[in-house]
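Novice: Here the protein sequences line up with chains A and B, keeping their order. In terms of this note's numbering, the first sequence opens at residue 1 and continues consecutively. In terms of this note's numbering, the second sequence opens at residue 1 and continues consecutively.
Think of the hints as simulated: they come from the structure by calculation, not from any bench. Here a beta-carbon is modelled for each residue, glycine too, at the ideal position from N, C-alpha and C. A couple of the hints might just be wrong.
[Said to hold, decoys possible] Ranges between beta-carbon positions, derived for each pair: (1) B:GLU123 / A:LEU118: 30 to 36 Å; (2) A:THR284 / B:GLN115: 38 to 44 Å; (3) A:PRO97 / B:SER63: 51 to 57 Å; (4) B:LYS139 / A:THR33: 37 to 43 Å; (5) A:PHE157 / B:SER90: 32 to 38 Å; (6) A:THR284 / B:PRO78: 58 to 64 Å; (7) A:ILE92 / B:GLU116: 35 to 41 Å; (8) A:LEU21 / B:GLN81: 55 to 61 Å; (9) A:LYS191 / B:ARG188: 54 to 60 Å; (10) B:SER90 / A:PRO31: 48 to 54 Å; (11) B:PRO78 / A:LEU278: 48 to 54 Å.
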Amino acid sequence: MIQRFRENRRLQGFLLILPTLFVMVVMLIIPLTLTVVTSFGQRDADGNVIYTFTLENYWRLIGFTEQGWDDLYLRILLRSLWLALQTTVIVIAMAYPLAYFIARAPEKRRNSLLFLVLIPLWTNFIIRIYAWVMILRGQGVLNSALGGVAGLLSIPFQPLDLYPSQGAVLIGMVYEFLPFMILPIYTSLEKIEPSLYEAAADLYANAFRTFWRVTAPLSMPGVVAGTILTFVPVIGTFVVSDILGGRQVILVGNLVQRQFLDARNPPFGSAASIILLLMTLGLTLYYTRRFGLGEEIAAG
Amino acid sequence: MAEYAVELRNVWKRFPGPGNEAVTAVKDVSLKIADGEFFALLGPSGCGKTTSLRMIAGFELPSEGEIFLHGRPMGKTPPYQRPINTVFQSYALFPHMTIGENIAFGLQMKKIDKQETRRRVGEALEMVRLTGYERRRPKQLSGGQQQRIALARALVNRPEVLLLDEPLGALDLKLRKEMQLELKKLQREVGITFIFVTHDQEEALTMSDRIAVMEGGVALQVGNANDIYEHPTCRFVADFIGDTNFLVGTIGVQEPHQARVELAGGVGLWAHTPQPVRQGQPVTVTVRPEKMHIRPTATDVNVLTGRVSDIVYIGTDTHYGVTLSGGQRIRVREQNYSVESRLLAREGEMVNVRFSIEAARVLTE
């Protein structure tokens with residue numbers, strides 16, 4: 001019996017993936033199926049779900065309501081998409097130089113620099129976002145500092161109206177996801193064999209051309225991975241927008257949350273989350289097809 | 001002044017080491033490498049050969065001294081402005097580009113027009129006998145093929161000088177032997193000056209016109225294969241190139257270009273003295289094992305007696321280990337000329353080891 005188990009590699013493998021398989025199937029597929037089913041349902045007056053098949057929730061989301069055209073939800077979807085896009089682009093622009101700097105630092109110093117990147121993650125996420133409230137609000141750290149400087153220079157100062165706003169949400173997102181972009185870009189930059197830079201220099205490429213022809217393409221796998229790690233959570237967020245955007249900035253995440261908790265309309269909330277899922281999936285697939293996860297390059 | 005393809009004039013290189021101490025990798029190296037020459041920098045790892053090569057390429061700048069390329073001082077010219085190309089030890093082919101793109105890279109950077117680029121890439125592939133590989137990726141090629149692509153990628157630019165950093169180090173023995181001859185043939189065809197770095201003395205002897213033997217950052221001796229093998233100027237060179245015997249003794253009676261060297265145990269020998277020596281000076285004598293004989297027909301002047309301690313038969317030769325009466329141990333290599341070649345002595349037997357005066361060479365360093 002034990003002997004047979006020892007020889008049965010397939011059984012061993014299956015047992016090893018069993019816990020993960022359980023989590024994936026039970027914790028993902030089943031709730032997802034329920035969400036899909038619910039999204040085609042209706043809500044009765046008491047907020048109970050009636051399981052039928054109607055596309056009404058989806059029509060409403062993209063603007064066709066019983067009362068006529070209303071782009072309220074469409075705007076929320078587009079706002080989420082736009083914010084996620086902005087966050088990702090800014091995060092790439094900020095993370096790349098830092099990742100490059102760490103990857104080119106002396107080997108002994110790299111780990112301590114990466115350690116510094118990770119330190120903010122030791123503090124609870126909510127606390128870090130609230131810290132931004134303290135910084136950005138009307139009488140916050142930023143305005144006091146700016147006011148102080150303006151006072152010294154005798155310039156009239158109007159406190160900046162940064163919080164709550166969509167800009168504050170963007171700042172919070174960028175702050176939150178910076179480490180998740182730095183790490184994968186660092187990893188792919190660090191993997192580039194230094195002799196490739198020398199080979200490019202040897203073949204008449206200056207630093208600028210070496211970057212665009214060698215460094216950038218070889219670090220794309222890191223940028224793609226970082227983009228997925230940033231874009232996907234940002235597009236679905238509701239906590240950051242809730243705290244830093246107040247009631248003004250409503251994203252899909254907030255919509256889903258409110259439909260389930262405040263409005264007691266799970267079918268509509270489900271439909272919104274399915275739209276979010278499809279949007280994310282579509283964009284991610286397109287992006288990875290277009291730029292590639294580049295395993296073969298990274299392995300080369 | 002004669003113009004050399006590459007000249008190193010009193011070049012030093014120091015690197016910041018642990019603490020504040022500087023590590024000197026290259027010490028006062030001066031070399032003159034002629035146009036069209038196949039030149040080897042040979043030495044053990046850490047001898048400064050690779051640093052010297054990297055300074056010629058421009059990846060490192062000399063701490064002192066100057067490097068000239070066809071008479072032009074290189075100064076702080078960055079690598080991408082030097083008409084020099086390198087074949088890297090790891091080949092350093094760009095993994096995200098096809099073979100064709102790899103080879104075209106240098107031409108593109110020099111803004112050569114597309115048609116000309118395509119033509120020259122084709123020629124370069126033909127030269128390394130890999131026509132039709134344009135669309136493959138470096139990863140799909142074997143080590144030997146990658147090596148040839150690295151060579152094509154460098155030569156397609158028609159550099160004034162080609163540098164090769166241990167170019168055959170990653171290949172297996174058989175392929176390495178093939179590539180040695182192929183490289184040499186290729187160099188003759190293109191007529192470009194090749195400077196290559198190796199720690200493999202046989203490779204250096206096989207391929208190069210001239211060799212600089214380096215050790216501890218110093219170029220100890222520069223010369224052709226024959227010079228270096230037959231006329232080493234110091235103990236390190238004699239030891240590093242091929243096998244040799246060292247006999248330690250003191251100078252006795254002198255004659256022009258030769259001297260009597262007294263060894264321990266009251267024996268002595270006559271040896272060639274390439275440099276002046278004085279009576280009583282402690283010296284080392286080097287004698288190559290194949291120049292020593294124990295066959296009874298040998299008539300050479302020098303005779304040392306000893307006891308055979310071990311015998312190794314390797315087919316072409318038989319090696320005899322002999323312990324001399326003074327206690328020093330030597331190795332004698334007798335070639336097995338004919339099928340009937342038989343052992344010339346048995347273990348434990350006393351033999352006479354004979355060799356000529358020219359075969360024994362006095363080294364003072």
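Novice: Which of the stated hints cannot be reconciled with the structure, identified by number in ascending sequence?
Specialist: 1, 3, 5, 6 and 9
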